[in-house]
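Chains as they are written, first to last, in this note's numbering: chain H, 1 to 114; chain D, 1 to 116.
If you're looking for bench data, these hints aren't it; they were derived computationally from the structure.
Note that the structure is a prediction, hence the values are computed from the model and not measured.
Treat the hints with caution; some may be incorrect.
If you only want the chain H side, here are some residues facing chain D, beta carbon under 7 Å, derived [said to hold, decoys possible]: (1) G42; (2) L43; (3) T97; (4) A99; (5) E102.
If you anchor each label on the Cβ, the simulated ranges turn out as follows [claimed, not checked]: (6) D:P79 to H:R77: 42 to 50 Å; (7) D:P79 to H:K14: 45 to 53 Å; (8) D:S9 to H:V60: 17 to 25 Å; (9) H:G40 to D:S70: 41 to 49 Å; (10) D:H39 to H:D26: 17 to 25 Å; (11) D:G16 to H:D26: 16 to 24 Å; (12) D:P79 to H:T20: 40 to 48 Å; (13) D:S9 to H:T112: 17 to 25 Å; (14) H:M41 to D:S70: 28 to 36 Å; (15) D:I60 to H:T7: 26 to 34 Å; (16) D:H82 to H:A52: 39 to 47 Å.
Glycine included, C-beta positions come from ideal geometry on N, C-alpha and C.
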Amino acid sequence: NAGVTQTPKFRILKIGQSMTLQCTQDMNHNYMYWYRQDPGMGLKLIYYSVGAGITDKGEVPNGYNVSRSTTEDFPLRLELAAPSQTSVYFCASSYGTGAYNEQFFGPGTRLTVL
Amino acid sequence: AQSVTQLDSHVSVSEGTPVLLRCNYSSSYSPSLFWYVQHPNKGLQLLLKYTSAATLVKGINGFEAEFKKSETSFHLTKPSAHMSDAAEYFCVVSENSGGSNYKLTFGKGTLLTVNP
Numbered sequence: 001n002a003g004v005t006q007t008p009k010f011r012i013l014k015i016g017q018s019m020t021l022q023c024t025q026d027m028n029h030n031y032m033y034w035y036r037q038d039p040g041m042g043l044k045l046i047y048y049s050v051g052a053g054i055t056d057k058g059e060v061p062n063g064y065n066v067s068r069s070t071t072e073d074f075p076l077r078l079e080l081a082a083p084s085q086t087s088v089y090f091c092a093s094s095y096g097t098g099a100y101n102e103q104f105f106g107p108g109t110r111l112t113v114l
Numbered sequence: 001a002q003s004v005t006q007l008d009s010h011v012s013v014s015e016g017t018p019v020l021l022r023c024n025y026s027s028s029y030s031p032s033l034f035w036y037v038q039h040p041n042k043g044l045q046l047l048l049k050y051t052s053a054a055t056l057v058k059g060i061n062g063f064e065a066e067f068k069k070s071e072t073s074f075h076l077t078k079p080s081a082h083m084s085d086a087a088e089y090f091c092v093v094s095e096n097s098g099g100s101n102y103k104l105t106f107g108k109g110t111l112l113t114v115n116p
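Could you build the full structure based on these sequences and the hints that come with them?
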């Protein structure tokens, strides 16, 4: 199993550009998540999905959009990039969402907006 | 809302000496707690989790953590540090976000440096 894979690893965007961060998992997990990690901070939840066709906002959703057309894929879309979106983005997945469920993380995408 | 506070942003130890990374939590009921590790330029990996079955939890790579309700703490320890333990460590609490869904709340992280 490859686990959770993310592309690209690095990206530099200009203000106002758009891009899609790709995330794929091969563990047949229903639950998927997008987080951002800023320096000296823990991870903040952007969006999550409880299954194909179902998504919901997390703590910091503004400026982002998601879709979930298949169990495996959960892309994150930035429509109008802003410097405040410079961050490291992690995708994660889990089998369930109970209190003790482990989340499995991808290696991250480092995004810089100039 | 539940929260976690990692008391040290940076801990530096010598190889072969004990490691102590401190975490306090706030919760109105029995929490679900985790420690995750993030090696440089990698994703997060689960070290261990507290599931209320036992207060002393053993994880991977020789780490363990003890849940102390009276002190609202879940400190991470290892008897002898190895160079490969150098990483950032996150204390995490799982919180019910509605219905049967839970979300993770992360501490700000503790960077562990291991000196030869």
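Structure versus earlier hints - violations, ascending order: Hint check: 9, 11 fail, others pass.
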